[in-house]
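Residue numbers (the numbering used here), protein chains in the order written: chain A, 60 to 491; chain B, 27 to 167.
The set of hints was computed from the structure by calculation and includes no laboratory data.
Worth double-checking, as some hints may not be accurate.
Said to hold, decoys possible - Straight-line distance between alpha carbons at most 30 Å, and here's what the computed DSS-like set of lysine-lysine pairs gives:
1. B/K72 x A/K245
2. A/K360 x A/K282
3. A/K336 x B/K72
4. A/K255 x B/K72
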Amino acid sequence: MMQNPNKSLPPSSEKPVEDDKTSSKRDVVRGKELDEQQKLVTPVEEGPKKEPEKPERGHQTPATPSGAKLVVSMDDLEAEIGKQLQGADSLDTIISRLTALSDLTTLVQAVKGQKAFANKTDKEIGEAIGAQAVFIGRLATDVGKFKSEVATLGRGAVHELRGFQKAWADAHDKLSKGMPVAVFVKLMQKQLQSVKDELTSKPVMEVKGGTTAKGQGAEGPKKDEAMSELEKRFDVLARKSAPPPDDKNNISEVDLAFLSPMRGFPDIFASLDKDTKQVDVSKANEEKVFSIGSGGALGFKGELSDKAGARFYGVLMPKGWIAKYGEELRERVTKSDKSGDKRSARAPNGKEMAQKRFDDEGHEITIGEGKAFGIRAEESTKEHGQVDVHRDRHVNLTGSGEQLSHLELFRKSSMGVVEFSDKGLVINRRMW
Amino acid sequence: MDLENLILEPHEGHDRRMGLRTLWQSLRSDASALTPALERFVSEHKSYDIEEAAVLGLILERRARLAGQEPSLGVFARILPMLDGGLDQELRQGAVDAFAGRSPRTTFDALYDAIAEDSLSTIDEHYALWATRTVDQDRLS
Numbered sequence: 060m061m062q063n064p065n066k067s068l069p070p071s072s073e074k075p076v077e078d079d080k081t082s083s084k085r086d087v088v089r090g091k092e093l094d095e096q097q098k099l100v101t102p103v104e105e106g107p108k109k110e111p112e113k114p115e116r117g118h119q120t121p122a123t124p125s126g127a128k129l130v131v132s133m134d135d136l137e138a139e140i141g142k143q144l145q146g147a148d149s150l151d152t153i154i155s156r157l158t159a160l161s162d163l164t165t166l167v168q169a170v171k172g173q174k175a176f177a178n179k180t181d182k183e184i185g186e187a188i189g190a191q192a193v194f195i196g197r198l199a200t201d202v203g204k205f206k207s208e209v210a211t212l213g214r215g216a217v218h219e220l221r222g223f224q225k226a227w228a229d230a231h232d233k234l235s236k237g238m239p240v241a242v243f244v245k246l247m248q249k250q251l252q253s254v255k256d257e258l259t260s261k262p263v264m265e266v267k268g269g270t271t272a273k274g275q276g277a278e279g280p281k282k283d284e285a286m287s288e289l290e291k292r293f294d295v296l297a298r299k300s301a302p303p304p305d306d307k308n309n310i311s312e313v314d315l316a317f318l319s320p321m322r323g324f325p326d327i328f329a330s331l332d333k334d335t336k337q338v339d340v341s342k343a344n345e346e347k348v349f350s351i352g353s354g355g356a357l358g359f360k361g362e363l364s365d366k367a368g369a370r371f372y373g374v375l376m377p378k379g380w381i382a383k384y385g386e387e388l389r390e391r392v393t394k395s396d397k398s399g400d401k402r403s404a405r406a407p408n409g410k411e412m413a414q415k416r417f418d419d420e421g422h423e424i425t426i427g428e429g430k431a432f433g434i435r436a437e438e439s440t441k442e443h444g445q446v447d448v449h450r451d452r453h454v455n456l457t458g459s460g461e462q463l464s465h466l467e468l469f470r471k472s473s474m475g476v477v478e479f480s481d482k483g484l485v486i487n488r489r490m491w
Numbered sequence: 027m028d029l030e031n032l033i034l035e036p037h038e039g040h041d042r043r044m045g046l047r048t049l050w051q052s053l054r055s056d057a058s059a060l061t062p063a064l065e066r067f068v069s070e071h072k073s074y075d076i077e078e079a080a081v082l083g084l085i086l087e088r089r090a091r092l093a094g095q096e097p098s099l100g101v102f103a104r105i106l107p108m109l110d111g112g113l114d115q116e117l118r119q120g121a122v123d124a125f126a127g128r129s130p131r132t133t134f135d136a137l138y139d140a141i142a143e144d145s146l147s148t149i150d151e152h153y154a155l156w157a158t159r160t161v162d163q164d165r166l167s
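Whole structure, please, built from the sequences with the hints as guidance.
So this is what it looks like as structure tokens:
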């Protein structure tokens, strides 16, 4: 099965910004006053920094949905995405409310307006729903336990938690509108179990000796620096991204990659509602393919990205990281055409990665104990290879004892992100 | 790889998605494309992916229509999130067509009621729970 680095291309907005001058020009074209636009651009600070409180965002332009006259500041976008995709602590509100409702007096007040309890005294209502208060208390305890479990996954469960939050909001709303307490409890128990099932359905692969701890940092990227120079100091995972032809309000994948919750690996689609100015967020595809080095992304020929304006970005990983955690699969299978030539093995699925072996047309391929992903090749990535990043797989890093999603392994290991031009020069950059 | 292998023993995740989509398209003209093994898989497979669940639902919807039956609520649970969050244009259109004459918002409420009443099969309840926490009811028509 052929794969390419952009097969799950999310949309992006428009042509690359070559420099600050054209950036301003573009924003003026979008109908904004220049002064106002400049407020949206974070000032440039040259040179690497030690553990900055807020990650540096050099030359970063505002996020720009492909529909004209719409601009959103990167800081606002980052805050909004962070708000919509929260970690385990977001369960505190639910636990707190459930704990309050487990007090019979509070529960009675919460359901007092329901038609079923019209003309009933507090005492009569209490007698009718007293048992449910106990069940709500148990539910609060169960959600608390779930919080502890899910906290270990870091941001690896934000989409599942968002779903649970939504189910909670719906059920709580229905409770206030007359849903019987017993039904409310049953619904939330079922949703809790269903979310747990969703999380445990993901295959876990052990990575012997693995850790997200990073060593010494390298000198950060410079504006206009050639990617070929940057790639001497970092391993670079790169993508080419193009806008969807049918969604003018979509925020570019490149802009999303620059947000600190994404750390170079966006797993969402986002669009800006032109009327309400609200950001709509939805889950992107389960996997995303990156070329190793900028060359594979620059050389990629895509039906979509060649028609529309493409943008390029590269995630900066520690030098040597890809070789350490990547299983080389590029020349593991002898072609069946009698030439004796080798070809790349197919991409192993999550279960096969967890089992550390798989079959490719009769060839048994083994995966090293310390490996977390395969390095494969397609037409544009023959020279340096490509890597698949998965949201719905987990890794167990025995070196640090961390269990996190495959995606989070990449995010936690990344050091920064750059946008680069079709000439292979750095346009925007951000180090974490 | 034939369709059964592609769906039942996929080498890569998108093998299955591609196979299921081909199966859905085949059912337009060839009801026999849904072999007993595939029918069992399509009916019982548990997915958490909007597009995969949608195409499973669309296959079951087409099977029901070909048999002259109205698809069950569980089938609509598989398809419903595609109306709200799915980006694939072909699947989205399929979802819109499947819901022709049926209110997505009413379906959402019906899913809640069915969960509360324990009236769904295990697999259909899985999709009902998943759909109700995936779909934003306010964005449904």
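So, going through the hints one by one against the coordinates:
1. B/K72 x A/K245: Distance ~22 Å between B/K72 and A/K245 Cα, so the pair holds.
2. A/K360 x A/K282: 26 Å, holds
3. A/K336 x B/K72: The hint is violated at about 36 Å.
4. A/K255 x B/K72: 14 Å, holds
When each numbered hint is compared with the structure, a violation occurs for hint 3 only.
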